[in-house]
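K.L.:
Spelled out, the chains give:
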Amino acid sequence: MSERESITIIDYGLGNLYSVQHALHAVGASARVSSDPSDIATARGLVLPGVGAFGVAMENLRSRGLLEPLVRAVRSGVPCFGICLGLQLLFSVSEEFGAHAGLDMLSGRVVRFPGSVVTPEGAPVKVPHVGWNRVTFTVPEHQDARGAPSPFDGIGDDAFCYFVHSFYAIPNDPRVVAAYAEYASVRFCAAIAHEHLFASQFHPERSGALGLHMLKQFVAYVQSL
Amino acid sequence: MRTVRIIPRLDIKGGNLVKGVRLEGIRVLGKPEEFARQYAEQGADELCYMDVVASLYGRNSLLDIIERTARAIFIPLTVGGGLRTIEDIRTVLRAGADKAAVNTGVVRTPQLIADAAQAFGSSTIVVSIEAMRQRDGHYEAFVDSGRERTGLEVVAWAKRAVALGAGEVMVTSVDRDGTGLGYDLELVRSVANAVPVPVIASGGAGNPAHVHAVITEGHADAVGVASLLHYHAATSIEVQDAHVNIVEVKRHAAAVSPMDLATLKAYLTAHGVLCRPATTARAYV
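As you go down the protein sequences, you meet chains X and D in turn. Quick note: the first sequence uses numbering that gives the first Met the number 0, first residue 0, plus one each step. Quick note: the second sequence uses numbering that gives the first Met the number 0, first residue 0, plus one each step.
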């Protein structure tokens, strides 16, 4: 991929940007980490990473002038993959530390896992949810108009991915949900696929070979446009 | 049912994988990257590198190992040992670690936990506690590889560390480490039940039943394993420049029945513990 055609990993001060970059390089993509709005405007594909607090993330995106270029790029058809907090930010509102407005690209809200669930042996189920968990991929009803495969296509049963999060998203339209997982007695949205907008609550760059496979499919999707 | 993580813990000294008994009596086993790669292929859920002798020379070779690992292995990596400042933590995170494990540094300066959680996020900070059982049945936290006492009671310290912003707590039994006699279940459960964040148990696994027990009875959310895996892996990995005779090592840790990670996970799954199956680790290679 040439410079003009690369994937931009959005740097807004939060998140494990370099592990995402290493993972994209490992699957043969040219990916740059950038906080420059023009790198968002010219990217062929975007990755929105994120680890940390929702409110801080939104404030960082806003104060660095990245919020509008991001929304504009996605609205104009640039494929985007959100990771972890990056999935949550796509929604309307989060209940973390009060109520914070998100990017509102998808309608829905973000809420916290319950804190008092206990296993049958009496062991407390901890928050944050840290570790691998079984992910069940559904077939989204919203397919891309060209029928191009999403990053989550063709993943069979018995898929395990790596999670680190205390909050999860509840989309208003269940058709955007590409995968479910279960934790603390909650069946929650583990991945999103809506037209050219994709996101995972888990970290594909930390989910071993399966995660790399999904990133590779996202890169293929970007290159197919 | 929660999914439990199995985390091979590699103690590193001067660029080599080492293993001691009760945190001393170090023996060299080989090159960390080779063990790490094998464990990742066999289904390790995370990896943990602990720098056993943290000196300036040692730190550079550790950073090289972290960088090489981060480019090849796409599962979470925790690094600890001698991290005393925000800059130390930033350096290992930049090199490719996902999480930093801190012990001595935060016992001396508890505020470091809060500062690091603020700078890098709580989820990147693991407070590591080395615990020794006292005569009265309580557990005291130790620093400097189990050599220096702190006067801190373990459960109280764990709660304080979490209140300051620690994302996870790793509890190592100094008494059990390397012995193969099993985890200290009472120690682990007391911490696991006391803090709202995940607790990683470390120190003592000699056979898979020990790992099973620390999960079901100890309430551990994740389990660090060292001798149990290293002594098996060392028999198949070419050991160059090693100043050790594997037979000699086994004499020190006679209670350890070495096995590979896939066999360990199969045992756990067969006995009702949910963990990521080792087979899926290879599915998309």
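Treat the hints as calculated values from the structure; they're not laboratory data. C-beta atoms are modelled at their ideal positions from N, C-alpha and C, and glycine is treated no differently. Accuracy of the hints is not assured; some may be wrong.
Unchecked claim - Here's a subset of chain D near chain X, in silico, CB distances under 7 Å, partners left out:
{"id": "1", "residue": "R1"}
{"id": "2", "residue": "T2"}
{"id": "3", "residue": "D63"}
{"id": "4", "residue": "R67"}
{"id": "5", "residue": "R70"}
{"id": "6", "residue": "P75"}
{"id": "7", "residue": "R89"}
{"id": "8", "residue": "T90"}
{"id": "9", "residue": "S122"}
{"id": "10", "residue": "L180"}
{"id": "11", "residue": "V196"}
{"id": "12", "residue": "H218"}
{"id": "13", "residue": "D220"}
{"id": "14", "residue": "Y266"}
{"id": "15", "residue": "G271"}
{"id": "16", "residue": "A277"}
K.L.:
All hints are to be evaluated individually against the structure, with a verdict given for each.
P.N.:
Against the structure, the hints:
no.	hint	in the structure
1	R1	holds (6 Å)
2	T2	holds (5 Å)
3	D63	violated (16 Å)
4	R67	violated (12 Å)
5	R70	holds (6 Å)
6	P75	holds (5 Å)
7	R89	violated (12 Å)
8	T90	violated (13 Å)
9	S122	holds (5 Å)
10	L180	violated (23 Å)
11	V196	holds (6 Å)
12	H218	holds (4 Å)
13	D220	holds (6 Å)
14	Y266	violated (17 Å)
15	G271	violated (10 Å)
16	A277	violated (11 Å)
In this structure, the hints that do not hold are numbers 3, 4, 7, 8, 10, 14, 15, 16, in rising order.
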